[in-house]
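**Student:** Chain by chain, the residues:
Protein chains: 2
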Amino acid sequence: MTRYQHLANILAQRIEQGLYRHGEKLPSVRALSQEHGVSISTVQQAYQMLENLQLITPQPRSGYFIAPRKAQPPVPAMSRPAQRPVEVTQWDQVLTLLDARNDKSITALGGGSPDVTQPTLKPLWKEMSRLVQHNGGDIFNYDELPGRRELREQIARLMLDNGAVVTADDIVVTSGCHAALSIALLSVCKPGDIIAVESPSFYGTMQLLRGFDIKAIEIPTDPQTGISIEALEMALEQWPIKGVILVPNCNNPLGFIMPDARKRAVLALAQRYDIAIFEDDIYGELANDYPRPRTIKSWDIDGRVLLCSSFTKTVAPGLRVGWIAPGRYHDRVLHMKYAASGTNVPTTQLAVAAFIREGHYHRHLRRMRQIYHSNMETWTCWVREYFPCGICVTRPQGGFLLWVELPEHVDMVCVARQLCRLKIQVAPGSLFSASGKYRNCLRLNCALPPTEQHRAVVEQLGEAVRIAME
Amino acid sequence: MTRYQHLANILAQRIEQGLYRHGEKLPSVRALSQEHGVSISTVQQAYQMLENLQLITPQPRSGYFIAPRKAQPPVPAMSRPAQRPVEVTQWDQVLTLLDARNDKSITALGGGSPDVTQPTLKPLWKEMSRLVQHNGGDIFNYDELPGRRELREQIARLMLDNGAVVTADDIVVTSGCHAALSIALLSVCKPGDIIAVESPSFYGTMQLLRGFDIKAIEIPTDPQTGISIEALEMALEQWPIKGVILVPNCNNPLGFIMPDARKRAVLALAQRYDIAIFEDDIYGELANDYPRPRTIKSWDIDGRVLLCSSFTKTVAPGLRVGWIAPGRYHDRVLHMKYAASGTNVPTTQLAVAAFIREGHYHRHLRRMRQIYHSNMETWTCWVREYFPCGICVTRPQGGFLLWVELPEHVDMVCVARQLCRLKIQVAPGSLFSASGKYRNCLRLNCALPPTEQHRAVVEQLGEAVRIAME
Ligand SMILES: Cc1ncc(COP(=O)(O)O)c(C=O)c1O
Ligand SMILES: Cc1ncc(COP(=O)(O)O)c(C=O)c1O
Numbered sequence: 001m002t003r004y005q006h007l008a009n010i011l012a013q014r015i016e017q018g019l020y021r022h023g024e025k026l027p028s029v030r031a032l033s034q035e036h037g038v039s040i041s042t043v044q045q046a047y048q049m050l051e052n053l054q055l056i057t058p059q060p061r062s063g064y065f066i067a068p069r070k071a072q073p074p075v076p077a078m079s080r081p082a083q084r085p086v087e088v089t090q091w092d093q094v095l096t097l098l099d100a101r102n103d104k105s106i107t108a109l110g111g112g113s114p115d116v117t118q119p120t121l122k123p124l125w126k127e128m129s130r131l132v133q134h135n136g137g138d139i140f141n142y143d144e145l146p147g148r149r150e151l152r153e154q155i156a157r158l159m160l161d162n163g164a165v166v167t168a169d170d171i172v173v174t175s176g177c178h179a180a181l182s183i184a185l186l187s188v189c190k191p192g193d194i195i196a197v198e199s200p201s202f203y204g205t206m207q208l209l210r211g212f213d214i215k216a217i218e219i220p221t222d223p224q225t226g227i228s229i230e231a232l233e234m235a236l237e238q239w240p241i242k243g244v245i246l247v248p249n250c251n252n253p254l255g256f257i258m259p260d261a262r263k264r265a266v267l268a269l270a271q272r273y274d275i276a277i278f279e280d281d282i283y284g285e286l287a288n289d290y291p292r293p294r295t296i297k298s299w300d301i302d303g304r305v306l307l308c309s310s311f312t313k314t315v316a317p318g319l320r321v322g323w324i325a326p327g328r329y330h331d332r333v334l335h336m337k338y339a340a341s342g343t344n345v346p347t348t349q350l351a352v353a354a355f356i357r358e359g360h361y362h363r364h365l366r367r368m369r370q371i372y373h374s375n376m377e378t379w380t381c382w383v384r385e386y387f388p389c390g391i392c393v394t395r396p397q398g399g400f401l402l403w404v405e406l407p408e409h410v411d412m413v414c415v416a417r418q419l420c421r422l423k424i425q426v427a428p429g430s431l432f433s434a435s436g437k438y439r440n441c442l443r444l445n446c447a448l449p450p451t452e453q454h455r456a457v458v459e460q461l462g463e464a465v466r467i468a469m470e
Numbered sequence: 001m002t003r004y005q006h007l008a009n010i011l012a013q014r015i016e017q018g019l020y021r022h023g024e025k026l027p028s029v030r031a032l033s034q035e036h037g038v039s040i041s042t043v044q045q046a047y048q049m050l051e052n053l054q055l056i057t058p059q060p061r062s063g064y065f066i067a068p069r070k071a072q073p074p075v076p077a078m079s080r081p082a083q084r085p086v087e088v089t090q091w092d093q094v095l096t097l098l099d100a101r102n103d104k105s106i107t108a109l110g111g112g113s114p115d116v117t118q119p120t121l122k123p124l125w126k127e128m129s130r131l132v133q134h135n136g137g138d139i140f141n142y143d144e145l146p147g148r149r150e151l152r153e154q155i156a157r158l159m160l161d162n163g164a165v166v167t168a169d170d171i172v173v174t175s176g177c178h179a180a181l182s183i184a185l186l187s188v189c190k191p192g193d194i195i196a197v198e199s200p201s202f203y204g205t206m207q208l209l210r211g212f213d214i215k216a217i218e219i220p221t222d223p224q225t226g227i228s229i230e231a232l233e234m235a236l237e238q239w240p241i242k243g244v245i246l247v248p249n250c251n252n253p254l255g256f257i258m259p260d261a262r263k264r265a266v267l268a269l270a271q272r273y274d275i276a277i278f279e280d281d282i283y284g285e286l287a288n289d290y291p292r293p294r295t296i297k298s299w300d301i302d303g304r305v306l307l308c309s310s311f312t313k314t315v316a317p318g319l320r321v322g323w324i325a326p327g328r329y330h331d332r333v334l335h336m337k338y339a340a341s342g343t344n345v346p347t348t349q350l351a352v353a354a355f356i357r358e359g360h361y362h363r364h365l366r367r368m369r370q371i372y373h374s375n376m377e378t379w380t381c382w383v384r385e386y387f388p389c390g391i392c393v394t395r396p397q398g399g400f401l402l403w404v405e406l407p408e409h410v411d412m413v414c415v416a417r418q419l420c421r422l423k424i425q426v427a428p429g430s431l432f433s434a435s436g437k438y439r440n441c442l443r444l445n446c447a448l449p450p451t452e453q454h455r456a457v458v459e460q461l462g463e464a465v466r467i468a469m470e
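So the sequence lines, in the order shown, correspond to chains Y and A. UniProt numbering applies: residue 1 is where the first sequence begins, and numbers increase by one. UniProt numbering applies: residue 1 is where the second sequence begins, and numbers increase by one.
These are calculated hints, taken from the structure and not from any lab test. All clues stand as given, with none of them false.
Pairs involving identical chains hold if they fit within one copy or between any two copies, as the list cannot separate such chains.
Derived lysine to aspartate or glutamate pairs resembling DMTMM-like cross-links, with alpha carbons at most 25 Å apart:
{"no.": "1", "residue 1": "K423", "residue 2": "E150"}
{"no.": "2", "residue 1": "K190", "residue 2": "E87"}
{"no.": "3", "residue 1": "K423", "residue 2": "D138"}
{"no.": "4", "residue 1": "K126", "residue 2": "D138"}
{"no.": "5", "residue 1": "K122", "residue 2": "D138"}
{"no.": "6", "residue 1": "K190", "residue 2": "D213"}
{"no.": "7", "residue 1": "K242", "residue 2": "D302"}
{"no.": "8", "residue 1": "K25", "residue 2": "E35"}
{"no.": "9", "residue 1": "K242", "residue 2": "D193"}
{"no.": "10", "residue 1": "K423", "residue 2": "D169"}
{"no.": "11", "residue 1": "K104", "residue 2": "E153"}
{"no.": "12", "residue 1": "K190", "residue 2": "D331"}
{"no.": "13", "residue 1": "K242", "residue 2": "D213"}
{"no.": "14", "residue 1": "K423", "residue 2": "E144"}
{"no.": "15", "residue 1": "K242", "residue 2": "D274"}
{"no.": "16", "residue 1": "K104", "residue 2": "D169"}
{"no.": "17", "residue 1": "K122", "residue 2": "E144"}
{"no.": "18", "residue 1": "K104", "residue 2": "D138"}
{"no.": "19", "residue 1": "K25", "residue 2": "E51"}
{"no.": "20", "residue 1": "K104", "residue 2": "E150"}
{"no.": "21", "residue 1": "K104", "residue 2": "E144"}
{"no.": "22", "residue 1": "K423", "residue 2": "E463"}
{"no.": "23", "residue 1": "K104", "residue 2": "D92"}
The shape of chain Y in the complex, shown without the other chains (with noise of 0.2 Å):
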């Protein structure tokens, strides 16, 4: 973060805790460049985002003061989905999105991925050049069936800052954590099963639940908090559920994380039902509080958690790697994987584990996790400067996607196929529910570093969501 980003950070704070009231004026420029040591230019640049963020608003000849502001729209409520199992539909509409996602034209702030252009992934893309260019026949033969140790054992290092304790030879590392979530699920589930989700809860998910002939019972779940224990609970004396997929740090797409209390509640439920958690870590790297977050792993004594993980948003998707701490499921993961899969590609495992021993990874994680800490801010004000009152948003915890939550009657489905017209793709709710719900939801992906021309395309969705709320 920049010297006049993290100013504009600090009055941006203090403008939404009320430390300045509506209209009321602002520190003149010297006065703040005094207060914090820092130059004019520097706060001129930070008075410049706030002002782009419509925080305040210059008066010519007299200074910034504060604009007037529309309230905080409130967080969505407890989700209700239908609780019976059903099939995964929506496929469509998944295809649909995935297809937007190498159009260049198109603005894309449907998909998952994360900000791929900051420079201190440079020193990946080097030792990835490196060990090709040095290493290139040797490197590119089978690689181990679970993986390269080398990146096994840094991935176990890692795994120790969210409190679980495992060795290289408890990861198996799969292609993303996409393929992590499916050979766990196929380690434990026959088709015809029942899994319970959150709700609503990553497409990705429900579509491998689709495939799998795996039916999903949704549970209703707090934007805040997480997955209803009350309710898991309740189905669970009533459906026989093989298992439960969590998101509880950083949340797709809610962006909750769970209260450990709440964590650990879910587990001892899974063990009292005896059934499986399948939990996918993979933004818990980039909650905006440091240290990370736990897992529900940290607390597994029996081996009922198969953790799920990649380094897809905390680094790049093309890598595809990724991993599963599968507890006593190994065995039968390890024969999945060769089922499913085979072996993966060496060279991304040995780049990538040389980029987290030698420090790069974590020097990389700290930036980003501010870097869309700030963006998700940014985000947050333009939707709740560009859209309508009577909307709800989420508070994320961390990653970098939000989710917005309009009156029943707006169908964001049709919205969407309005806005690809304009060139703007979202991701409308209903692709995080296995039956279709939430077609007044969106998400949006704020990975990227928040532009000007960002700024007018959140301003194009609100006004086609206001035309929608008519």
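Got chain Y; can you put chain A with the ligands on it based on the hints?
**Tutor:** Chain A with the ligands alone, transformed into the frame defined by chain Y:
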């Protein structure tokens, strides 16, 4: 191939064809040098090579003589597997084989690794290194779901060589041929289904069936012409078979190329019984003869053939670049690809696309076809020399795998375990049968350039087999 290898091959063929008789004196070094217009030292090297192969013996001060030879061992007879659907077993044995793969102290003759040390691969490493260095970030974002268009276009062009007319839109890129087969199978089958396979057949495919709870029915297969059409038809009459998996070109493990008429006969059967054909063409480009053999896919008019392949054997396993040409199953395959693993690594795809586009692929292929052909002849000679009488050996028409059948009572699983202690690894035949038949067989990998050390290993192998035969 160097000049002396070329000369040695010519001479070896003449000996093979009986143009020289046992004990007969060979032309002098000088005479041969004049006949072939090569240097004295080239002839000396060629003779040295033939001596190593024990085809000729030197007699001090009088020249080289044809060595006393054993008769060429016969090709194994048509296989006779149990002809009812069974669950695939043997996973522990396969795991043992895979575990040895990355142990450098072991002479690994059991796996399917190609030779990745050839200089014709250099442009590939260079391209990959360049790509990463110049486009890091950009090319490490998510791939298109069907795979990189640049690559799919090249694959479609390559496929013209096997007679199949497809476009980039008919191709789905996968993480190797293993993933291709698993996605193809998942797109057509459900657990409990029955799939017909050649017998013996590749252990990886068998374990895939096991992983997805699909039963295998092994069909008698002839080591020279492939699966028995008659036996396949009988099985189709008797059981509700969903599809058949075939490796019709340069079969693993038997090395045959199915005659075109038989390929068409299988297709006709598939049409008659309305089943799918999973055609595994992974070795197809490595046929000894040029142009390469046709695929069943090339006659497929109603899209029932799912052609699966990869650049694993032709280029390098660690690329994990494979593909499916799924015919009528395209949409389902795309969904199953998404469900099973999401997208693939873009970098390796782009590098392979450039490697093909710039002509390096075909150059490399030409070289490898020759090298593997010549390696196979050497290894075959060694087996003939060092193994006891009473064995059968395949005459592969391409690829780099040799299948040896020993007398019924020999247990190669036991022998393999003993060889392990000598740091020699072979693949016992039982891996290639769902029910663990063919314990009296073994598969040898002949991809590596034959060295004196390899000769010694084959000698040890032969000795171990001899003891087991007693
Ligand atoms: C919660 C969640 N799980 C899994 C995945 C898939 O991750 P990968 O790209 O590593 O396969 C994503 C990506 O969007 C995700 O958001
Ligand atoms: C016949 C056959 N099919 C498939 C495979 C798997 O190929 P890949 O390594 O590209 O996944 C192999 C590799 O040994 C093979 O021999």
